[in-house]
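Asks: When we follow this note's numbering, the leftmost residue of the sequence shown carries the number 460, and every step to the right adds one.
In case anyone wonders, no lab produced these hints; they're calculated from the structure. Backbone N, C-alpha and C fix where the C-beta goes; we use that ideal spot for every residue, glycine too. Be a bit skeptical, because a hint or two may be false.
[As the list claims (entries may be wrong)] Label-pair restraints from in silico Cβ distances:
# : residue 1 : residue 2 : range
1 : Asn-515   : Gly-495   : 31 to 37 Å
2 : Gly-468   : Lys-531   : 30 to 36 Å
3 : Val-500   : Ser-540   : 32 to 38 Å
[To be verified] Listed below are the simulated SDA-like cross-link pairs for lysine to any residue, each with C-alpha atoms no more than 25 Å apart in a straight line:
# : residue 1 : residue 2
4 : Lys-531   : Glu-520
5 : Lys-531   : Asp-494
6 : Lys-531   : Gly-541
7 : Lys-531   : Ile-504
8 : Lys-531   : Tyr-479
9 : Lys-531   : Gly-497
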Amino acid sequence: EAQQTARRGRVVSGYVYNDYGRAVERMQLSIEGLDGSGAVVSTTIGYVLATVPAWNRAYFEVPVPAGAAAYKVRVLSFNWSGQGR
460 EAQQTARRGR VVSGYVYNDY GRAVERMQLS IEGLDGSGAV VSTTIGYVLA
510 TVPAWNRAYF EVPVPAGAAA YKVRVLSFNW SGQGR
């Protein structure tokens, strides 16, 4: 993931990859802001706004609070899509 400062503030952006043969949607992400020693200083919930196709990827961009030295992103939840491949 990348961290950037956009007009609306700091954002974390990147791609989530789907290594399964079925599409997923409504993916919820947890983004932890870390200080220089790796301690969590903030937690933000964000979403992948697109369906993530089977065996493919989707882009995400989530506004986060400034002040963290690094960010850790993990998937909290998602729903299987009826779209398949």
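Asks: Now tell me, hint by hint, if it's right for this structure.
Replies: Here is what the structure says about each hint:
For the pair Asn-515 and Gly-495, the supplied restraint of 31 to 37 Å holds, since their beta-carbon distance comes to about 35 Å. Checked against the hint of 30 to 36 Å, the pair Gly-468 and Lys-531 fails, with Cβ atoms roughly 19 Å apart. Under the hint 32 to 38 Å, the C-beta atoms of Val-500 and Ser-540, about 34 Å apart, fit the expected range. Taken as a hint, the Lys-531 and Glu-520 pair is honoured in the structure, with Cα atoms around 14 Å apart against an allowance of 25 Å.
Restraint check: the Cα-Cα separation between Lys-531 and Asp-494 comes to about 11 Å, which is no more than 25 Å; the hinted pair holds. For the hint linking Lys-531 to Gly-541, the alpha-carbon distance of about 30 Å lies beyond 25 Å, and the restraint is violated. Among the hinted pairs, Lys-531 with Ile-504 is consistent with the structure: their alpha-carbon atoms are about 12 Å apart, no more than 25 Å. Distance hint between Lys-531 and Tyr-479 is fulfilled; the C-alpha atoms sit about 23 Å from each other, no more than 25 Å.
With a C-alpha separation of about 10 Å, the suggested pair Lys-531 and Gly-497 falls inside the 25 Å cut-off, and the hint holds.
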